[in-house]
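Asker: Two chains, each in its own frame: build the complex with the hints.
Residue numbers (our numbering), protein chains in the order written: chain A, 1 to 457; chain B, 1 to 211.
A portion of the hints provided could be inaccurate.
Said to hold, decoys possible - Listed below are the simulated DSS-like cross-link pairs for lysine-lysine, each with C-alpha atoms no more than 25 Å apart in a straight line: (1) B:Lys39 <-> A:Lys150; (2) A:Lys185 <-> B:Lys39; (3) A:Lys75 <-> A:Lys249.
It is worth saying that the hints were derived from the structure and are not from the lab. Predicted model only: the values in this text are computed from it and were never measured.
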Amino acid sequence: MAKFEPVLLKNLGVEGSRTLKVYRSRGGYAAAEKVIKEMTPDTVIESVKASGLRGRGGAGFPAGMKWSFLPPERKVTYFCINADESEPGTYCNRVLMENDPHQLLEGILIAGFATKTTVAYIYMRVEFHEQFHIMQTALDEAYKAGLFGKKIFGTDLSMECYIHRGAGAYVCGEETGLIESLEGKRGWPRIKPPFPAIEGVFQKPTVVNNVETLCCLPHIFERGVDWFKSIGTENSTGPKLYTISGPVKRPSCFEAPLGITCRDLIFGDDFGQGMLDGRKVKGCIPGGLSVGVLTEAELDCKLDFDDVRNYGLLGLGTAGAIVIPDDADIRQVLANIARFYSSESCGQCTQCREGTNWMYKIALRIALGAGRISDLDLIENITNNMGMMPGLSICGLPDGAAFPIRTIVQKFRGEFEDHIRRQDPGYTKTVLKRLNPAVYELPVLGRRPESLVGQPE
Amino acid sequence: MAWESIDRRTPVFAEDAEPVLSEGVKQKIRAFFDRYETKRAALLPALHVVQNTYGHVSYQAMSEIAELLEIPPSAVLDTLTFYTHFWDHPKGRKVIVACRSLSCQLMGSEAVLKTLKEELEIDEHGTTEDGQYSLLTEECLAQCDDAPCLLIDEKMHKRIKPESVKKLLSDAKNNEIGDHRSDLFDPPSEPAADTNGEIEKTSDVQEMKES
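Okay, chain B solo, but in the shape it has when bound (with noise of 0.2 Å):
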């Protein structure tokens, strides 16, 4: 039954898309080679660095990523298809993971699933107009002590009630976790992004040596 939690449109594959992956990106999955002894075992953290980057994986990012860890890019779309967090669309900037399993529902999962599908105005797999969030079903996110919980990015939300689901949904900050964070499987710093003027600079030069 994995057409109830995979999004099966095909993706959109074109032939002269222009290359996706940053060098930064590409350093960063370099850094899980070291860790395991073929290539291909890096794939997934490769998807989660991707994922979390660009939101979601396209097939130009997938050919770019076999390229690097040198296997054929349908062995990336193999792996990508079987597991549910990944996506080849793109999704809002926030994802919400709602658990429907028996712990859950016992609890009233399905109450506060119908309060997030209206206020959200979609269904699931849904996307809202505004792009700001997506929301997703899936089975046990093992909280059950504090049934009915739903993940928004990072964060697990406890015992959601449909009352409290609105003021959840308008909190801008309901997707952050506190600090003590890794940045392992986090979008890698760009220098340009960065407004250090020492790390420009070095940029500038690389861009001189590079014409």
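The following block holds chain A by itself, in its conformation from the complex (with noise of 0.2 Å):
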């Protein structure tokens, strides 16, 4: 394969990447000012849709498609940029704003101008705090410059653009919840339909995009449609980054077009360069913790769309690599995985509110030595009776906590079962009484009421 020339990270090492000038010389915002000048909205949204560019935010919906939404007669558009990028695992959102803060804005005024927005909010976790200032300061640039406000490039488009920082919710990241959390609201999930296209911010039509589909929308216009079609496989087009991380001798972020195998990622040169201290892969957790886990005989899946599905994972996800080493414990894994959801769960629905904190009550009793081989199918029960899939959830969480902790438990059982068949079982006992002292402590009933007297115990 010819080594792939970078396209969304090309100004990364750049000396002085973050301020206009350079990005200027480099030949940035002349694809805004061409679209702007040349073009209408809606051959923009024709174009976008016939690149095939998919959303880089996990689900993979085609951008073009989700700006058709719009409702065609609307006086205010609002258009929030996700940059609250949380999910474990996934930073090129980061190293896109850190490295290139001017590469978003023009794929911002792009998008702006295609979907007639108003007002624009790059809504961001607050734990960037240097990418805040980043960013802040490459936008006051930009307002200075006049690329934003009004009149932009001396036409009659005026659109203003800010930031707005989150406060440490992970649920926060999915689009209603990101809407309701713009508002000055708890981040819950809305219930869907009516969709943000339709009333979204402030109960107006409102477009919520990755940073990276928006960082792709320059290039699409600068060096054509057709381009962008030939990077990648038919229904993935276009570049991606994929990051990695865990023990491999280069973790880092790297651009790929879509449909690059999990083991070339871990073992390329050009990628992570294999392990290190002469680790084995366990297992690979393909596109940040959501979408599931792949073992090493299944490494090579390709990192597409589409492809991860025929491997029982949840989609692409955000393309952020996880490698699990041999030395592992693999309880430990799902423990922590277990914690993440449990404790990211907004608390609105109550299956997942109640079943990822019972998930990791169990994932923490196997982890701690005092499992039951029972667990492993009551923890595959719970992952099969939340979520959107089932028809139960608000939001996609509960989702993705079922994908990894399902994927995970069935994958590798065989090694959980060793675990716990070797487990001391006058171990157990502590365990449990440490983990759930009420329990114990319950005064123990002289007889069962009556209503349960003759039902099995």
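Answerer: Dropping the structure here:
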């Protein structure tokens, strides 16, 4: 495979890449100027549709399609840029904003023009302190140069852009949760429909797009739709940022056409360069925590929007791979994953609030050495009974919890059973007492209540 | 499992408490109003400014924010308690947020956290006796390539090893990031704190007018 020339990361490592001057000298804002002066919003949407650009935020929904859902007769349109990157293992948006803030701003200009946006909000998670200062400095610079505000490029177009900082909630990365949070409320996802395109921020038509999706836009218009379609696979076009973390030799952010395999990503010379200290791969979570896990034998899975589904995964997600080495205790991995979802569940839907919590309790019990074989069936049962896919929840968080936990229990079941069989029975009881003392302090009933007599214990 | 990440002590609410928010802070909050359609939408920025200025958001501050934003105080409390980044209790001068998510755990964040607790002699959510540090753990900080990582105020520290924790904590400037910062959410620069004579004069004039 010929070495891929980076597109989204082309300014990575260039001195002063955060400044407008350097960005412009490398051809920046030319695409936005061309689009705004020569095209109409409808032709822009058609081009984006034709390019096959799919949302990079995780779901892979076609970006042009999303924009065309906006009602034609509208006075105000809001545009939200989702920079609330909180998925464990994912940091490509951070790299983009750190190194090339103006690329994102150019993308916002193009998308804003296509959707007739009046105000764009960049919703950035609060832990991005340095990134906030970088983006705000870039935004101030862009305002000074007349790229935002009134009469952009001397045309009648006017658009405001503000950065809104979140406050530490994973669920605000969900588009309606983000909208609620932007309105100054708890970040509770809304029931859909109405979709944000009809009623979003302040009950006005709204589009929510990921940072990386928008960063692709300037390049589509600079180099043409056909160039964009020539990269990647048939249904997953364009370059994608892959990130890799865990014990690999070169954990970093890489750009590649969609459709490289997971094995390439870990062992490829251009990518992860293999494992640290001679360790082996036990498994790999290929696309942010929520998609599920691949075993060592399944590493030839192609990382695009479709092939991952053949391996029982939720989807490509954010393409942030976490490599699990062979010396990691799989029980600890499960407990960590379960803890993440139980602490980040927003608490609106009962089966998510309780289900993630119970899964954490069970996983913790297994991790501490007090598991039972039946726990594995129980945890699998819970994952099948929560989430949007069985039609039980408002947002996709419980699905995101179900997939990694279910796949890890299914694919590593033998290992879990080994651990459980080797447990010391006496120790099990002490752990259970420590985990849930209340059970052991309850008064023992003399006899069972009458309503329960005759039923199995 | 929100109790793991949120301080659940009930804050004290004194009815005759002195007003907390200074005019400068209010001015900063008002500057956010024209960004949004509703005043309530300025709540998150307002809470950020107040917390950055006073270290935490007290009940008195909440009711004053409510007055400013023309919403019920309960709405402020409702929003504040949802987010892990806002606290209604005073914390240490510097707040350490350690990442505990999967990538960091695989690279040894648990050992780092243990060393931190031993060095500072506190547990999670604790504050050191001299009030210098508070320790929190949070989920992924999106710095997985440099795991394990931790955040001290605004500064991200990467690839922490248990051996390097002591040196890190003794560094007085471990919470400062470089220049190029925006003061949008920073505490207001109060005229009284400024040594510029001209500004002092104007505040004198204002006082005379008020009296």
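Asker: Which numbered hints does this structure break?
Answerer: Those not satisfied come down to hint 3.
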